[in-house]
Amino acid sequence: MPELAYFPESTDGCPTFVGDTEWTPLVDGKTYFAVLDEALEGLGRGDSVQIAGLEVEAGLDLTGLREGDAGYRPLGGRLAEIAAAGGEVRVLIAGKIPARSVPVASLAGFRGSVRSADRMRHWRPDGWTGRKGPLAKSVLLDWSGPLLGSNHQKVVVIDRGGQLTAFVNGIDLTDDRYDGDPHDTLELDGERWGWHDCGCRLRGPAANRVHAILAQRWAEASTLPLKMFPRRAPHQLFPPRPPVRLYPLNPRHPAPTLDEARPQAPVPTPDTSVRVMRSVSARKVDSVIPPRRRTWDSLPEDGLQEIHETLVQALGSARTYIYLEDQYLEEFLGGDDEYELYPHLRAAAKRGVKVVLVGSGVRDPEDPGLYLRQINSDLNDDLQEKVVDRLNGEHAENFAVHRVEHLTVHAKLVLVDDRFACIGSANMFSRSMGGTDSEISTAVETATDLVRDLRKQVWAEHLRAPINPDLDKALDDLELALGIWRMEWVPDGLPWSTWRQAGFPDGFEPKETVLRTVWPDPRTER
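Everything in the sequence shown is counted per this note's numbering, starting at 293 for the first residue and increasing by one.
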């Protein structure tokens, strides 16, 4: 493999897996759920499943069915069946920090997390005769981390007969993530809505690292201090009507941490290297009362910022283009300017790199506060002040921002030069980069067509243009494809209507137009 340019130096704490790990991107929830559904099928004795998520719905059917539909198979029931058959199951659901122990709707859905965990713990498969459900000790609410943060990692690791398959995602295990191109089946407040997302599948030695990370998280979560939670009775959590009792938030004696997985045989992947990176805060338990604060039992005292380190290296190595998808193209409370990516995006534009940011047209319905549903109608203050205002006219022409109408762009996707890709749970803001929100992402550096093909798939989806041989050829041509994002980037000799009118280039026949320019001002673009 050529010398690695987009990855930092490999370390024992954050190694690079060279030529031995299969990294497969999965675009949108419908694709991911289908692959995960197949991976869960038939698990039993000697197998294991580890899940960590911001949201994990016990009633999710991975095929898109709803309760009452013929063939409906809820995730909670499937996990209980695996445990009843002798498999090991561990589920970590984020306890959103601000309201981790109060029985009211929180800023981030803590009530739903408690309900889902409780439902899984009490799930009894057909024929089960145990006094408690098979998952009674296998589901934990993980409320570790800083007061303003959350456990945002979205991971599934499956051990089938000693062979690991790891999924690292931005995709939550909830039914409204069951969506895909052309994103025209969901509704929000009676209006068209879609949910665009990305994940990836790992097989090979890097999957061992994901397994170990989840095992470490289980060990930390299982030793959190006891928290009591007011509720009436199991399955009747809210509101806590009389008679109200206090129940432990987590089982007093949770299942033990899973044993270390056996070493994984290499999956030959010539000219391809993979990293698995984390962002974690410095504190395991935070409190406004200093004596109650605790550091991690098994992590560095300063936390981890591996994702930031990797992205800074990749952005600094960019020579042709940077493409970044994220629902948040701005900072939020709890960040730290030391870990902002804006300076590195700005520096790339000054080097002549074409920088493209793509965000949501519809706000995430889980976002706190009273917001208008529409988002990214104008350039936000962070992009204006930290990027655009610090670029001169020539360099500013290397920067473009777009939104996608009717869509929440939840993907945390970074592509660089058709050589580097990063997918995972980490948003671009410094909350994720510094560890206020705990995150996990994977990155690939490759001399193969892997990143190029991912770019073509994602860009065609946003163009709403079905792939045909002519369009595939046009997207293959990177110089031509970059003209999607700014008229000035259309190669010389081609009309400015290229990518803006059906038939230009050949094969471009969009079913609709949902990409909207945020910057430069579309009224002034040539």
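Worth flagging that the hints you see were computed from the coordinates, not collected in a lab. Heads up, the beta-carbon is just placed ideally off N, CA and C, and yes, glycines get one too. Check before you lean on any hint, since a few could be wrong.
Estimated spans, in silico, between C-beta atoms of each pair [said to hold, decoys possible]:
{"no.": "1", "residue 1": "Asp476", "residue 2": "Pro540", "range": "43 to 49 Å"}
{"no.": "2", "residue 1": "Glu295", "residue 2": "Arg484", "range": "43 to 49 Å"}
{"no.": "3", "residue 1": "Asp304", "residue 2": "Asp768", "range": "38 to 44 Å"}
{"no.": "4", "residue 1": "Glu658", "residue 2": "Asp628", "range": "21 to 27 Å"}
{"no.": "5", "residue 1": "Asp476", "residue 2": "Leu786", "range": "37 to 43 Å"}
{"no.": "6", "residue 1": "Ser669", "residue 2": "Asp768", "range": "31 to 37 Å"}
{"no.": "7", "residue 1": "Gln676", "residue 2": "Arg365", "range": "45 to 51 Å"}
{"no.": "8", "residue 1": "Pro560", "residue 2": "Gly422", "range": "41 to 47 Å"}
{"no.": "9", "residue 1": "Thr612", "residue 2": "Arg584", "range": "46 to 52 Å"}
{"no.": "10", "residue 1": "Pro540", "residue 2": "Ser669", "range": "42 to 48 Å"}
{"no.": "11", "residue 1": "Met520", "residue 2": "Thr740", "range": "52 to 58 Å"}
No farther apart than 25 Å at their CA atoms in a straight line, the calculated lysine-lysine pairs in the DSS-like style are these [said to hold, decoys possible]:
{"no.": "12", "residue 1": "Lys748", "residue 2": "Lys803"}
{"no.": "13", "residue 1": "Lys519", "residue 2": "Lys424"}
{"no.": "14", "residue 1": "Lys322", "residue 2": "Lys642"}
{"no.": "15", "residue 1": "Lys748", "residue 2": "Lys765"}
{"no.": "16", "residue 1": "Lys322", "residue 2": "Lys803"}
{"no.": "17", "residue 1": "Lys765", "residue 2": "Lys803"}
{"no.": "18", "residue 1": "Lys642", "residue 2": "Lys678"}
{"no.": "19", "residue 1": "Lys322", "residue 2": "Lys429"}
Requested in this report: With respect to the beta-carbon atoms only, verify the hint that aspartate 476 and proline 540 lie 43 to 49 Å apart.
Outcome: holds (44 Å)
Query raised in the report: Is lysine 322 within 25 Å of lysine 642, Cα to Cα?
Result: Violated, because 39 Å separates the two Cα atoms, which is more than 25 Å.
Query raised in the report: Given the hinted pair lysine 748 and lysine 803, is their alpha-carbon gap at most 25 Å?
Result: Between lysine 748 and lysine 803 the Cα gap is close to 17 Å, so the pair holds against 25 Å.
Query - Pair hint lysine 748 and lysine 765, alpha-carbon separation not exceeding 25 Å - result: The given pair, whose Cα atoms are some 10 Å apart, holds under the 25 Å limit.
Requested in this report: Can you let me know if the beta-carbon spacing of serine 669 and aspartate 768 is within 31 to 37 Å?
Outcome: holds (33 Å)
Query raised in the report: Quick one: are threonine 612 and arginine 584 within 46 to 52 Å, going by C-beta?
Result: With Cβ atoms ~50 Å apart, the hint holds.
Query - Hint check for aspartate 768 and aspartate 304 - Cβ pair distance inside 38 to 44 Å - result: Cβ of aspartate 304 to Cβ of aspartate 768: about 39 Å, so the range 38 to 44 Å holds.
**Report entry** Given hint lysine 803 paired with lysine 322 - CA-CA distance at most 25 Å
**Finding:** holds (20 Å)
**Report entry** Distance restraint hint 37 to 43 Å, applied to the beta-carbon atoms of aspartate 476 and leucine 786
**Finding:** violated (31 Å)
Query - Consistency of beta-carbon spacing, arginine 365 to glutamine 676, with hint 45 to 51 Å - result: About 48 Å separates the Cβ atoms of glutamine 676 and arginine 365, which means 45 to 51 Å holds.
**Report entry** Restraint status (C-alpha distance of lysine 322 to lysine 429 at most 25 Å)
**Finding:** Judged against 25 Å, a Cα distance of about 30 Å means the pair is violated.
Report task. Could you see if the CB distance from glutamate 295 to arginine 484 stays within 43 to 49 Å? Result -> Hint holds: Cβ distance 47 Å, inside 43 to 49 Å.
When each numbered hint is compared with the structure, violations occur for hints 5, 14 and 19.
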